[in-house]
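Just so you know, the sequences run in chain order F and V.
Residue numbers are given in the working numbering: position 230 of the first sequence equals residue 230, and the series is strictly consecutive.
Just so we're on the same page, the working numbering is the position in the second sequence counted from 1, plus 309.
Just so you know, the hints here were simulated from the structure itself, not pulled from any lab data.
Here a beta-carbon is modelled for each residue, glycine too, at the ideal position from N, C-alpha and C.
Warning: the hint list may mix true and false statements.
[Unchecked claim] Below, a sample of chain V positions facing chain F; criterion: calculated Cβ distance under 10 Å:
1. Phe381
2. Cys383
3. Thr405
4. Ile407
5. Phe408
6. Ile426
7. Gly477
[Stated by the list, open to error] Cross-link-like lysine-lysine pairs, in silico, BS3-like; alpha carbons within 30 Å at most:
8. Lys76(F) to Lys372(V)
9. Lys385(V) to Lys76(F)
10. Lys76(F) to Lys435(V)
11. Lys63(F) to Lys385(V)
12. Lys476(V) to Lys549(V)
[To be verified] Some chain F residues well away from chain V (every beta-carbon gap over 10 Å; in silico):
13. Glu73
14. Leu75
15. Arg183
16. Phe244
Number of protein chains: 2
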Amino acid sequence: MIVALAGGVGAAKFLSGLSRVVGPSRLGVIVNTGDDVWMHGLRVCPDLDILAYTLAGIVDEVKGWGIRGDTFECLKQLGQFGAETWFQLGDRDIATHIFRTRHLRAGLPLSRITDMIKEALGVSVKILPMTDDEVETRIDTDQGDMHFEEYLVRERSAPRIKRIYFKGIENARPSEGTIDLIRKAEGIVFCPSNPIVSIGPILAVPGIREAIAESPVRKVAISPIVGGKTIKGPADIMLKALSFEVSPVGVARAYGGLIDAMVMDTRDGHLEPQIRGIVPRVTVTDTIMTDQASKTRLARETMEFMGWD
Amino acid sequence: MIVALAGGVGAAKFLSGLSRVVGPSRLGVIVNTGDDVWMHGLRVCPDLDILAYTLAGIVDEVKGWGIRGDTFECLKQLGQFGAETWFQLGDRDIATHIFRTRHLRAGLPLSRITDMIKEALGVSVKILPMTDDEVETRIDTDQGDMHFEEYLVRERSAPRIKRIYFKGIENARPSEGTIDLIRKAEGIVFCPSNPIVSIGPILAVPGIREAIAESPVRKVAISPIVGGKTIKGPADIMLKALSFEVSPVGVARAYGGLIDAMVMDTRDGHLEPQIRGIVPRVTVTDTIMTDQASKTRLARETMEFMGWD
Numbered sequence: 001m002i003v004a005l006a007g008g009v010g011a012a013k014f015l016s017g018l019s020r021v022v023g024p025s026r027l028g029v030i031v032n033t034g035d036d037v038w039m040h041g042l043r044v045c046p047d048l049d050i051l052a053y054t055l056a057g058i059v060d061e062v063k064g065w066g067i068r069g070d071t072f073e074c075l076k077q078l079g080q081f082g083a084e085t086w087f088q089l090g091d092r093d094i095a096t097h098i099f100r101t102r103h104l105r106a107g108l109p110l111s112r113i114t115d116m117i118k119e120a121l122g123v124s125v126k127i128l129p130m131t132d133d134e135v136e137t138r139i140d141t142d143q144g145d146m147h148f149e150e151y152l153v154r155e156r157s158a159p160r161i162k163r164i165y166f167k168g169i170e171n172a173r174p175s176e177g178t179i180d181l182i183r184k185a186e187g188i189v190f191c192p193s194n195p196i197v198s199i200g201p202i203l204a205v206p207g208i209r210e211a212i213a214e215s216p217v218r219k220v221a222i223s224p225i226v227g228g229k230t231i232k233g234p235a236d237i238m239l240k241a242l243s244f245e246v247s248p249v250g251v252a253r254a255y256g257g258l259i260d261a262m263v264m265d266t267r268d269g270h271l272e273p274q275i276r277g278i279v280p281r282v283t284v285t286d287t288i289m290t291d292q293a294s295k296t297r298l299a300r301e302t303m304e305f306m307g308w309d
Numbered sequence: 310m311i312v313a314l315a316g317g318v319g320a321a322k323f324l325s326g327l328s329r330v331v332g333p334s335r336l337g338v339i340v341n342t343g344d345d346v347w348m349h350g351l352r353v354c355p356d357l358d359i360l361a362y363t364l365a366g367i368v369d370e371v372k373g374w375g376i377r378g379d380t381f382e383c384l385k386q387l388g389q390f391g392a393e394t395w396f397q398l399g400d401r402d403i404a405t406h407i408f409r410t411r412h413l414r415a416g417l418p419l420s421r422i423t424d425m426i427k428e429a430l431g432v433s434v435k436i437l438p439m440t441d442d443e444v445e446t447r448i449d450t451d452q453g454d455m456h457f458e459e460y461l462v463r464e465r466s467a468p469r470i471k472r473i474y475f476k477g478i479e480n481a482r483p484s485e486g487t488i489d490l491i492r493k494a495e496g497i498v499f500c501p502s503n504p505i506v507s508i509g510p511i512l513a514v515p516g517i518r519e520a521i522a523e524s525p526v527r528k529v530a531i532s533p534i535v536g537g538k539t540i541k542g543p544a545d546i547m548l549k550a551l552s553f554e555v556s557p558v559g560v561a562r563a564y565g566g567l568i569d570a571m572v573m574d575t576r577d578g579h580l581e582p583q584i585r586g587i588v589p590r591v592t593v594t595d596t597i598m599t600d601q602a603s604k605t606r607l608a609r610e611t612m613e614f615m616g617w618d
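Generate the whole structure from the sequences, applying the supplied hints.
This is the structure in structure tokens:
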């Protein structure tokens, strides 16, 4: 089993390629749930849904999230009732949140509900939320302490970051099967996601970092930073806020010894020698994923580079 | 204040006329909540919503419920997740249920939330749920004991009725302002609704029947039965199940002494003498409401007949 740690859009793109290369039954994904948020009394799990929708082939590929062709009638009406509408939720997407919330309230763990959702969508890749407990990525800024989604979507990453923390993480337990999955891994992939707020919360769930560190298999990260910027999301701002270099070097340092290999973009080729000082194995390739062919190519190159074929 | 007791479609039609005739600020409506049901973890209040949507001018007039032009994307997707889809919920309609459920879970009483919803829809008529407590109209049938909506919508009123009861009614309290509204009434109207499962639950909330009985003002019922049948819904079946005649006579008897006047349809004119033996004042007119003009005319005739102008 190839085990991947995943955040949102970048990870989902990469994993749609990896799933084709290795076959869905050989892939298990541990997904960040720090972005999860209560909206309108519904539990929204952005990263879990982006991944499930992407693997199901129904994601809105222009936005990278949500369901292609979805309508927004329900949200419009919620707006008429005075509810907040800065977080876009389509009508079909809302069905996922209604379904999840109903079963959460009935006492089912998020991991079991995630199974039901992805199975209904015809996805056979194993998808595990990092934890069944509620964890909340909070950003303390010059404009107040806020949920990650409020910072990212409502405030468009404008406030100056003072501190990033994961509320509830001390008491979170890895969801059932997570540690087992890591122990059985042939190889571990850190997807091209935000190291601080996407992969960071996963590693911060007590037991997960330890299990990865103890695993004898090889571990590779695909840098989400290309040419000093992120493709999507505020990883660049966050690395800077935590005094990491905004480059694959900063990414490698952020994973502090957990990885032994890195896939980085040709645009950052000049940094290769520096990165070799942090991780023993490095490959340089085109990491920009614009279509299915480039996703599959990047996944195949990663597999070959790691010798996992 | 004219105070009305209301169920669903028939009541909403009549009240949209009455609101025009007396002006919205002179009208207060106490609405049945026995049909309320948890669907997909959302609290759905069919009669409250039919009334609010009708008074807001956004009701789907062909169906009599739901929002005109609504789409059903969310429900379709819920169906893909294996959820029940026999209860039609449109995307904009679902916003109402999401909004209500969120605030119910936050501890707001249904009456306060109903206020928020109708105000957002621009409705100024006073709308009061009969109670803020959960009451459930249950139908015990030869195919099992079921919720009223399961009997009506899922089973299309086919099972043979053994018993009708209102679960939780003993402990239900009239919602805040309800008894006060009745005490201040200039007149009380029993809308053309199902006497058993629409008006019945309202009268069964401890304190409401007593307050109406004690009120010195005049009380009129508009018969929902015309020519031995209901315009909509299973009132005919239910009257029969409880051994009432399926006619304005049965309706008058079902209200057992609470009313002192009745508006009945010309098609039942031959029953007038019999009804005069039960209620002192009777008027015979065309009670079928097909358009705004006929709703307004019926409301005006009722007001004139009662001398409430």
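Numbers of unmet hints, in rising order: Violated: hints 7, 13 and 14.
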